[in-house]
Every structure is written in structure tokens, then in C-alpha cells.
Amino acid sequence: MRGLVYTRYELLRAFRNRRFFFFSIGFPLLFYFVIASPNRGVTNFDRSGISLPLYYMVGLTSFGTMVAMISTGTRIASERQIGWTRQLRITPLSTRAYFRAKVLAAYMMSGLTIVLLGLAGSSLGVSLPAGHWLAMVGLILIALLPFAALGIMLGHLINVDSIGPATGGGASLLAFLGGTWFPLGSHGFLFELGRLLPSYWLVQAAHTGLTGHGWPLRGWIVIAVWSAVLVAGAFYAFRRDTKRV
Amino acid sequence: MQRPGTSSAVSSNRRYAGRVASTYPTVDGEEIRLDGLSKSFRSPEGPVHAVRDIDVAIARGETVGLLGPNGAGKSTTIDMLLGLQPPDSGGVSLFGRTPRQAVDAGLVGAMLQTGALIQYLSVRELLAMMASIYPAPLGIDEVLEQTGLEAISGRRTQKLSGGETQRVRFALAIVSDPDLLVLDEPTVAMDVESRHEFWNSMRAFAARGKTVVFATHYLEEADQNADRVVLMAHGRIVADGPPTEIKGRVGSRTIRATLPDAAPGELSTLPGVASADRHGESVLLSCADSDQAIRALLERFPAARDIEITGAGLEDAFLALTADPDSDAPDAAVAL
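Same order as they appear, the protein sequences are chains A and B.
Residues 48 to 292 (this note's numbering) are what the first sequence spells out, left to right.
Residues 52 to 387 (this note's numbering) are what the second sequence spells out, left to right.
Hints were generated in silico from the structure; no laboratory data involved.
No residue lacks a Cβ here, since even glycine has one placed at the ideal position from N, Cα and C.
Mixed in with the good hints there might be a few duds.
[Stated by the list, open to error] Here are the simulated DMTMM-like pairs of lysine to aspartate or glutamate, each with C-alpha atoms no more than 25 Å apart in a straight line:
{"no.": "1", "chain 1": "B", "residue 1": "K210", "chain 2": "B", "residue 2": "E244"}
{"no.": "2", "chain 1": "B", "residue 1": "K210", "chain 2": "B", "residue 2": "E271"}
{"no.": "3", "chain 1": "A", "residue 1": "K290", "chain 2": "B", "residue 2": "E248"}
{"no.": "4", "chain 1": "A", "residue 1": "K290", "chain 2": "B", "residue 2": "D139"}
[Unchecked claim] With the C-beta cut set under 10 Å, the calculated list includes, among others, these residues of chain B facing chain A:
{"no.": "5", "residue": "G134"}
{"no.": "6", "residue": "D155"}
{"no.": "7", "residue": "A156"}
{"no.": "8", "residue": "V159"}
{"no.": "9", "residue": "L168"}
{"no.": "10", "residue": "A179"}
{"no.": "11", "residue": "M181"}
{"no.": "12", "residue": "L189"}
{"no.": "13", "residue": "G190"}
{"no.": "14", "residue": "V233"}
{"no.": "15", "residue": "E248"}
{"no.": "16", "residue": "W250"}
{"no.": "17", "residue": "I360"}
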């Protein structure tokens, strides 16, 4: 199949980008050990009923995968900058095939992040039933879809000199409001706002690993709506992005 | 899909017979047409009319040089030709299709003016990646050979020199085996030798019955590599024909002579003379017909001495045509 050859090389490119690899995957790992290693004895973090190594394993898994997805935008912005996106415009590559390659490359990074943080968690004594692992990974992969689209959309809207702050700041804000670092509790403004964001449900997907429970209906709806809006936005941003940068 | 080669026998004389685009011979609609194409941009100083109502028709197998100074509208024209920018008015037809349809069918290959290569792939891998998008690409080895890239096929794209990068970009433009090859100022980053090799590769590709349109502001390149030159200035076409005809348009030769006593006004009325200038004791006659002019000159001014007759380069034609504000008028365009 023609599209698969193209996707294979896109994955190869992402894999060979060592600096990106290091910051995208190494950074959450480093962060995890710095926070969780000295606190491995904290068994009830912030009255959540969960040990700190486990809380931060899932927290950093959601953050690391989210960053991996959004940072597709950084690579797209630099491809636009060098005129590569315009070069692709004068090929028969379909929008769908282009998106598929970008999204799969981002998912590859996210998959590696999940695996490495899982291993890091295990090394600090985290252990979960296999069923919980599977449910967690499955829900995380679904919850990442809006972020994949967000990365593509930002990459086609924002120029290379401002994409760093845009994706970094955006990811940090979404992570904060989604309750990645501290539990949002069960009432109040931040809780109500958080529940409308895909990052909250990404964190909840990761927390599934803790509880074994899936999302309530609201989680599915929020992720579906954000996915639809951002995928449409990504298509729009890509289609109109034909100018010389 | 009909491949090229069948229609490249269009007589090269007949191609230039018409003044207006629509009189070019059409081969079952299989050609390239720009009809009444216009494009403006907004700018703080008001609208910029980048391209103003141009008509061009190109037959299969032609190699056309789009020549003009910076800001003449070449790149905007090429963007519209490729469907990268929609025209404000007018239309583009590539082999009877819209640009998008032609691109989707793999009929078009292009090397845009600006562009680097994506990183983390070797030259061969990048070519294979892009070839995989097309319905009937050339073999990778064949493309590497044609573009002289065999020796560096295993090198990562970020380790290439400027000239090598341009060659890879040319390879990417032909990997689909396109019927139409579009090159926007392809030799900008190249040294003299790379340029020479590049044009050899281009001519070898064109010789397979391909249609080539290239933009350049190097007059020499258009002169040597195009069999037709479309000269643009201020968004308009100011001349369209073989390089030799463009030279003829402004006086094909120049006569220089030492002649202290003659008034320029008198000289310019000599038969065969288009215009006359005086520089100190010498006079400079731009001639439409230098044979006639030299006979008349010697008959009227037997004292003329140190006579030189030189052929005007495309450079002179270029300057004369693009600087002349009158040639901006639509009616003056393409009066060949």
C-alpha cells in the first residue's frame, strides 16, 4: 500500500530525531525520578488514597503523552518554515495520508513514553493488575486523539519562532487545569472547568490504572466533542496553509 | 492516461506564429493554458498587482523560460500554475485539468523557489518516501543517476551542501516522471559548475518529450536553455517568443562609430536604425536591421571611423523591454 511506505519513513524520521527523543521521553522520566524517588514512602498522597509514586507515574504518563502529541506541531512548524509543506502540496499526498503519518508518529512517541514510565514506576514499587494496565493504556490512547489534532492544528497556524511557547505553555496550562499535578477535588470552579477539558479526562484515563474504573459517559462525550472540533480545526488549518512562510 | 511523446512534434515555427495565446496550436486540449490570470495582494501601501491579466499557452514538449526581474510576478504566476494560490480572476488548465487534478494525477513535478529538505533521512530514503506517493514513479536508481546523486545517495539530507540540496530537490521534482516540470529559480544556490550540470540534467529530462516551465532572472539561462522566453515585468508579459526574436524586438545589433559631426536626431532617421545615442565623439546606433543601417551610415557620413558592429545580448533586450514604461500597456505586450 502506497500510504504505508510514506508513513514508515515518517516514523523513521521521528525515531531518528535524537534531541526530540531525549526531551520528549527523557524529560518526563527524569522528572518522575526526581519527584517520586525521594517520596516513595508516601502512601496516601494529598489524601487521594494513592501512593505518590503511583500518582506521579500516571500523572507524568498523561503529561508526557500529551506533550508528545502536541509537539507534532513543533515539527510541522519547522517543516512549513523550510517550505516542505508547500512541496507536499504539489504531490498527490492526500490530507488523510498526511494526517495519518503525523498522528501515528506522535502515537509512537506516546507509546514509548507509556512503556518507559511504566517500567520506571515498577522500579519504585508500583504494581497494578494486568487488567488495570490494559484499561489505562487503552483509555489514554483514546484520550490523546484531541491532542494529536491540536498539535497538527497549531503546527499549521503558528510560525516556528512562536510554536515553542505556544505548545509548551498550552500543554502546561492544560496539564495544570486537568489536575495532572494535584487532585482537583470534587467541587468548585477548577473542578467544574477541568471536567470540560480533554486533559482532565486524560488524567482520569491514567487514574483508571489506579481504580480500575473507566470513564463515566461525560468523559466520553468531552473527548468526542474535543476530538471532533480539533480534527476539523486541523483539517481547516492544513487546507488554508498554502502560502509562502 | 496518455503519456507524452506523441505530440511533441508540433512545429516549433508554428508555435510562435500567434501574437495572442489562443492562437497557439492546441493538441486535443493537452497543453498548459493560463487565461486572463490576475492576482493582487494587500500591502500597507495599498494593493500590489502582482500579476495582471496574463495569457500564456504552452504546447507539450516546449521548454519555456519565464524571465523577469525580481518582483515581476514570476513566482506568483508559478504558484497559480501549480494551484498553490487561487487567482483573483482567470484560470489555469494543465492538460485539460485543474492544477489540483493534474497534481493528484501525478502529472506535475515542481521545484519551488524556497525550500530545504526534511531531515533524518538519507537522499535515497527521501526519494523513496516521495516516490511512494505517486502512481507511476521512476525507479530510484534511475533518478539518482540522472541527477548525479549516486555518490551521495546514502548521505543524510542535513549534511548536504547548498548545490547538492538543489540537486536533490530537482530529483524530487522528477521522481514522479511528471509530464510538466516547473522550476522556480532553480539555480539560485549553485556555483557555475553545478549550474552547468543542472541544466544538462534538465535538458535530458525535457528531451523525453516533457514540458518544462522555469523561472529565472538569469538572462543567460533563459537564452541557453529555453526554446521560448516569456518576459515578465510589473506583472505583465512584455515579450513572448524565441530568445532570438526578443533580441530582434529592441534592435538586434548595435553599431558604434566615432563620428563627431553628426546629430543624433539625424542618425536615428537612417534606415534600419531604431535609436541613436551620442557619447562624446562616438555614436551608438541600436539597429533593427544593421546591414541596412551600416550602408546608409557610410553613404551619409563617409567620415565615420572605428566602426564596431555587435550583437545585442538578451541582457540589452531585457533592460530595454522591462524598463520601458510604455511596454506596461496591455497592447504593447507580445508584439512579436
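Determine which of the earlier numbered hints do not hold for this structure and return their numbers in increasing order. 2, 3, 12, 13, 15, 16 and 17
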